[in-house]
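Mapping of the sequence shown onto the numbering used here: residues 66 to 580, in sequence order.
The set of hints was computed from the structure by calculation and includes no laboratory data.
Treat the hints loosely; a few may be bogus.
[Unchecked claim] Calculated lysine-lysine pairs in the DSS-like style (CA-CA distance at most 25 Å, straight line):
no.	residue 1	residue 2
1	LYS315	LYS289
2	LYS267	LYS289
3	LYS219	LYS299
4	LYS315	LYS267
5	LYS289	LYS299
6	LYS430	LYS417
7	LYS417	LYS299
8	LYS289	LYS305
[Stated by the list, open to error] Computed Cβ-Cβ distance ranges for the label pairs, DEER-style:
no.	residue 1	residue 2	range
9	ASP218	ASP526	37 to 47 Å
10	ASP246	PRO323	19 to 29 Å
11	GLN542	GLU196	51 to 61 Å
12	GLU103	ASP241	51 to 61 Å
13	PRO187	ARG280	32 to 42 Å
We put the CB at the ideal spot given by N, CA and C, even for glycine.
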Amino acid sequence: MERLFDVAIVGYGPSGVVAAGLLGQAGLSVHVCDRLTEVYEIPRAIALDHEIMRVFQQLGVADAVLPFCEPFTPSEYFGVDGQLIRRMTMVAPPYPQGHTPSMVFTQPEVERILRERVAQLPNVVVELGVEMTGLTQDAEGVELSIRSAPGADKTVRARYAIACDGGSSGVRTQLDMPLDDLDFDEPWLVVDVRVNQRGLAKLPQVSVQYCEPERPCTMVIGPKNHRRWEISLKPGEDPKQAATPEATWKLLARWLTPEDGTLWRQSSYRFHALVARDWRQGRVFLAGDAAHMQPPFLGQGMCQGVRDVSNLAWKLAAVLRGEVTGAHAEALLDSYGAERKAHVRELTSRIKHVGSVICERDPVKARARDAQLLAACDGVVQDTPRQDILPALETGLLAPQTHAARGSLFPQPWLAAGEHAQRMDAVAGNGWRCVLAPSLALTGGVPTPPWLRTVALGSRDAQELDGVAEAWFQRHQCVAALVRPDNLVYGVAGSAQETATLIQGLATQLGRVGA
Numbered sequence: 066m067e068r069l070f071d072v073a074i075v076g077y078g079p080s081g082v083v084a085a086g087l088l089g090q091a092g093l094s095v096h097v098c099d100r101l102t103e104v105y106e107i108p109r110a111i112a113l114d115h116e117i118m119r120v121f122q123q124l125g126v127a128d129a130v131l132p133f134c135e136p137f138t139p140s141e142y143f144g145v146d147g148q149l150i151r152r153m154t155m156v157a158p159p160y161p162q163g164h165t166p167s168m169v170f171t172q173p174e175v176e177r178i179l180r181e182r183v184a185q186l187p188n189v190v191v192e193l194g195v196e197m198t199g200l201t202q203d204a205e206g207v208e209l210s211i212r213s214a215p216g217a218d219k220t221v222r223a224r225y226a227i228a229c230d231g232g233s234s235g236v237r238t239q240l241d242m243p244l245d246d247l248d249f250d251e252p253w254l255v256v257d258v259r260v261n262q263r264g265l266a267k268l269p270q271v272s273v274q275y276c277e278p279e280r281p282c283t284m285v286i287g288p289k290n291h292r293r294w295e296i297s298l299k300p301g302e303d304p305k306q307a308a309t310p311e312a313t314w315k316l317l318a319r320w321l322t323p324e325d326g327t328l329w330r331q332s333s334y335r336f337h338a339l340v341a342r343d344w345r346q347g348r349v350f351l352a353g354d355a356a357h358m359q360p361p362f363l364g365q366g367m368c369q370g371v372r373d374v375s376n377l378a379w380k381l382a383a384v385l386r387g388e389v390t391g392a393h394a395e396a397l398l399d400s401y402g403a404e405r406k407a408h409v410r411e412l413t414s415r416i417k418h419v420g421s422v423i424c425e426r427d428p429v430k431a432r433a434r435d436a437q438l439l440a441a442c443d444g445v446v447q448d449t450p451r452q453d454i455l456p457a458l459e460t461g462l463l464a465p466q467t468h469a470a471r472g473s474l475f476p477q478p479w480l481a482a483g484e485h486a487q488r489m490d491a492v493a494g495n496g497w498r499c500v501l502a503p504s505l506a507l508t509g510g511v512p513t514p515p516w517l518r519t520v521a522l523g524s525r526d527a528q529e530l531d532g533v534a535e536a537w538f539q540r541h542q543c544v545a546a547l548v549r550p551d552n553l554v555y556g557v558a559g560s561a562q563e564t565a566t567l568i569q570g571l572a573t574q575l576g577r578v579g580a
């Protein structure tokens with residue numbers, strides 16, 4: 066009898082491997098297929114943030130990936146006449162999510178660690194070097210046609226499927242799921258260099274955005290001796306010619322010579338801003354580059370894909386385990402596309418705005434931009450944390466309230482749990498959590514249903530060490546927060562009674578027994 070998987074995943078890049086890990090850890094049976102046999106050895110993504118590290122922590126690989134990560138240096142923006150016009154940095158310690166807020170990383174090594182983690186899950190089957198050639202679905206599930214060699218075809222059946230198969234997604238194409246163009250289309254050359262000591266001595270000690278009309282470009286300091294340049298191409302320049310070693314070194318001549326390092330990768334790309342119109346068709350979901358592409362100016366491409374599958378995985382698990390059923394289950398699964406599409410569109414809009422600062426090619430307009438940015442800070446450039454640019458969730462499975470904290474990431478404080486300091490998720494798990502400020506926790510808190518874990522800060526088992534969550538409660542003038550499995554705030558409350566009402570509202574939305 067043909068095996069029925071809970072979830073089939075097409076594509077085993079960053080989004081696919083994280084989806085497989087999260088779903089496998091949730092106890093679901095998962096099938097993953099990818100046409101490549103190994104990790105792609107070229108580093109495409111270069112930036113991670115603390116939200117993604119929190120997901121890696123959930124997968125149990127946060128410590129393992131750290132040797133391949135380094136803190137992101139500040140990014141300094143220089144205008145037409147070489148003057149500093151903007152500086153982007155990190156929030157100051159103590160770090161709100163329990164991890165360094167912005168990091169650069171070596172993608173192939175991190176992906177290998179993620180795959181090693183998935184390989185430990187006996188309920189996840191991974192097939193590499195195969196191609197998904199067809200997909201059909203009915204009311205009960207999805208059927209994938211898989212080809213491992215000419216004439217060697219088989220089918221895989223699952224209750225749901227996730228397309229993590231990249232920007233040219235075969236699944237999205239077969240299902241005729243269009244992408245909306247958000248009006249950004251520019252040719253750029255991306256160059257990765259392994260720089261030797263002589264070359265490193267020539268380069269800036271921070272990442273730099275050269276906001277120069279003649280040729281806007283970016284230099285990013287990666288881990289160890291990895292440096293990346295993103296160089297805009299002028300109208301009429303041949304992208305293929307620009308990507309030859311000879312032409313690439315000419316473009317890098319401002320910084321380096323061939324004696325200063327070795328080219329790791331040089332590729333011409335068209336930077337796009339695209340978002341899928343629909344993220345779900347029946348039992349099939351789009352995620353990662355299959356669902357969206359954005360310009361790279363804040364290094365959010367891979368982060369967005371991990372956010373996608375982090376959002377979707379707990380919802381699929383709740384439905385497949387029978388915790389949410391019927392119309393409530395359909396509404397929960399529909400909330401994935403509603404939430405992620407709105408978030409991606411808003412973040413892409415903000416990324417485009419950052420890009421417009423960098424990419425202005427009219428010298429007169431560029432000088433006006435410089436003057437405007439400097440006037441806004443009275444001529445003294447202030448640090449702008451990169452995290453300030455990330456939007457909160459505005460729609461979907463959220464409490465019906467207007468509050469600045471709703472839809473934002475809840476912090477992850479360090480707790481004195483037993484003899485050792487531990488991050489909150491290690492103590493409380495990654496399900497639904499009701500986190501109480503000490504002022505409410507010490508009064509006895511509120512009754513909660515069994516599916517909602519209570520974290521009473523200030524109690525014997527949850528003594529906060531750095532004051533991150535307590536400061537968060539004070540800043541938002543509340544005493545309780547309902548936190549979703551993807552660490553986003555469902556809603557907040559200002560009293561025990563408001564907390565009980567909030568919990569009951571959530572239970573009603575999910576069709577679960579309340580407190």
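Structure-based check of all given hints:
no.	hint	result
1	LYS315 to LYS289	24 Å, holds
2	LYS267 to LYS289	15 Å, holds
3	LYS219 to LYS299	48 Å, violated
4	LYS315 to LYS267	16 Å, holds
5	LYS289 to LYS299	31 Å, violated
6	LYS430 to LYS417	17 Å, holds
7	LYS417 to LYS299	19 Å, holds
8	LYS289 to LYS305	29 Å, violated
9	ASP218 to ASP526: 37 to 47 Å	54 Å, violated
10	ASP246 to PRO323: 19 to 29 Å	39 Å, violated
11	GLN542 to GLU196: 51 to 61 Å	55 Å, holds
12	GLU103 to ASP241: 51 to 61 Å	31 Å, violated
13	PRO187 to ARG280: 32 to 42 Å	53 Å, violated
Violated hints, listed in ascending order, are 3, 5, 8, 9, 10, 12 and 13; each of the other numbered hints is respected by the structure.
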